[in-house]
Amino acid sequence: MHISILQAILIGLVYYLGANGTPWFTVNLGWAFRRPLLQGVAVGIILGDPVKGCIVGAAINATYLAQITAGGAQTMDEGLAGCVGTALAIISGTSAQVAVSLAVPISLLGNLVWMIYMTGDIAIVHAMDKVVNTGDVKKIVLWNIIPSQIFKMILYVTPVAIAVFSGADVITGMLDSLKGTPVIDCLTTIGTILPALGIAMNFKAILSNTGNRAYLYFLLGFVLYTYMNLPLLVIGLLAVIMAFLQKSEAIAE
Amino acid sequence: MSEKKSLTKKDLVKSYLIWTFFSHCMYNYERMQAPGVVHAIAPSLAKLYGEHTEEMKDACKRHMEFFNTEPNIGGCIIGMTLALEEQKANGENIDPEMISSVKTGLMGPLAGVGDTIWQGTLSPIALGIILGMAQEGNLFAPVLYLIIIGVVLYGLGYWSFMKGYYGGREGITKIISGGLINAVTEKATVVGATVLGGLAASYVTVSSGMVLHLSSGDLNVQTSVLDSIFKGMLPLGITLLTVGLLKKKMNVNVILCILIAIGIVGTLIGFF
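Protein chains in written order, with the working numbering: chain A, 1 to 253; chain B, 1 to 272.
Hints were generated in silico from the structure; no laboratory data involved.
Nothing here was measured: the structure is a model prediction, and the numbers come from that model.
Each residue gets a CB set at the ideal place from its N, CA and C atoms; glycine is no exception.
Take these hints with a grain of salt, some might be off.
[Said to hold, decoys possible] Computed list of chain B residues with no C-beta within reach of chain A, every gap over 10 angstroms:
1) Lys5
2) Ser6
3) Thr8
4) Lys88
5) Asn90
6) Met98
7) Thr104
8) His213
9) Val221
10) Ser224
[As the list claims (entries may be wrong)] Below, a list of computed lysine-lysine pairs in the DSBU-like style, where the Cα atoms sit at most 35 angstroms apart:
11) A/Lys204 to B/Lys174
12) A/Lys139 to B/Lys14
13) A/Lys204 to B/Lys187
14) B/Lys47 to A/Lys130
15) B/Lys9 to B/Lys88
16) B/Lys163 to B/Lys47
Model the full structure from these sequences, guided by the hints.
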């Protein structure tokens, strides 16, 4: 499949709009838009195949299911993984599983973009210090929005647009030449393992809140799914019930 | 004595909206959300102190200091700041140092609670439920996700912001010391841990494809050996291994490489 320059730029904009610190969808929906699922759908719409975008985005999203970015520290850029991963998968016509493995190294590159952004903004803060000292509301508003967003838009759109415009041929050629080798099998297996990382990271954050008791709940959820095939919504509901039962116990004590 | 200066509900809503849109607009390593704070409260400050006055300049300057929290639950800090600035503008004896210490004292704990509830529990549950739909190409799934996140977070954020303003410092301190926050966090972690277990079982799908050719016939490692011991042994093992490595404070990128290596080696020796 061929991709136009306009499409490449629009895909870059999708990444920018979901980036942490873009105000246009508010901090809440912007954060939601950063999920690879949403990025995938948006990229799919641009490339004319929203359903495949949704499928690939969901597969990539499984790796970042339980991602936590706390204190401005970003471990993996899931927005970039979802956006570029889906674009490459649709353009090269590869499977969702392979797209997952392609997306992970991309998300690590995203950390570089993040660090440049967070560092670059420091210069703007120093300029804003002078503006703040005038006590002028309009100037404060403009300085909070305009310079950093221009900086950010250039920083986020450019690499993505270039990568999907020029990278698609490279990836397609690479995947074609790899057909029949174990590489594709390896990539597919990796795709089935990697969701463990995001889940484990989130679980570790929970462990520091509740201590080792959390392992028991984790095991319970695991068994409920594997042996009883309960839907996740039901498991969540049972967990809520348990959480409240536990409180009544505490009161009884 | 001049007339009492007070903020209207409209001012507060405006401030909340600015905060929700622009809190991370100039996020940076040196002061994090500070420019967002100044932006959100500047229109209200101008109403209290008058634009370009010395008090206004001082107020803006003191809010340009380091600030970082979770913007929804932490929104009450901004509400509270406005309440304190309002009292100060009306001549009450409020030390600027005190306003700063209220902000810095609350931003950490509230960020912890907010991140646990939102990123730690709500989003994984919502995603866990709808990703199955989405993987079948159901375009209603992403819309549903936006609705869940939107309704809960805007609700929580608005409630917290107004609670901060009307409840004031005493109100918030009461909530924190009253154990409500702890209770909510504890419940959220019970639900979170259980659901994460379910998620691990449904999304970590690694399995063995190995078939041993024995004299007694073929032996499928996954169905005849692993499943008969414990279904989902491999996914559980890999997830717990990852948790263990994280607890050893190993770098996330190193762990990622280890997982990739396990996948490659396992595939090449024919185990997966």
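Verify the proposed pairing of B/Lys163 with B/Lys47, using a straight-line Cα cut of 35 angstroms. 21 angstroms, holds
Is A/Lys204 close enough to B/Lys174, meaning Cα to Cα at most 35 angstroms? 29 angstroms, holds
Taken at face value, is the distance from the CA of B/Lys88 to the CA of B/Lys9 at most 35 angstroms? The hint holds at about 19 angstroms.
Should the label of B/Val221 as a non-interface residue stand, given a Cβ cut-off of 10 angstroms to chain A? Label holds. Min Cβ-Cβ 15 angstroms, cutoff 10 angstroms.
Minimum Cβ separation between B/Thr8 and chain A greater than 10 angstroms? 17 angstroms, holds
Please settle this one: B/Ser224 was flagged as non-interface, so is its CB more than 10 angstroms from every CB on chain A? 17 angstroms, holds
Quick one, are B/Lys47 and A/Lys130 close enough, alpha carbons at most 35 angstroms? Distance of about 21 angstroms is within 35 angstroms: holds.
Pair hint outcome, A/Lys204 versus B/Lys187 [Cα-Cα no greater than 35 angstroms]: 16 angstroms, holds
Should the label of B/Thr104 as a non-interface residue stand, given a Cβ cut-off of 10 angstroms to chain A? Consistent with the label, B/Thr104 stays out of reach of chain A, its closest Cβ about 14 angstroms off (over 10 angstroms).
Hey, A/Lys139 versus B/Lys14, does the alpha-carbon distance stay inside 35 angstroms? Between A/Lys139 and B/Lys14 the Cα gap is close to 17 angstroms, so the pair holds against 35 angstroms.
Verify that the Cβ of B/Ser6 lies farther than 10 angstroms from every Cβ atom of chain A, and report whether the claim holds or is violated. 18 angstroms, holds
Would the non-interface assignment of B/Lys88 survive a Cβ cutoff of 10 angstroms against chain A? Given a closest Cβ separation of 15 angstroms, the condition holds.
Of the numbered hints listed earlier, not one is contradicted by the structure.
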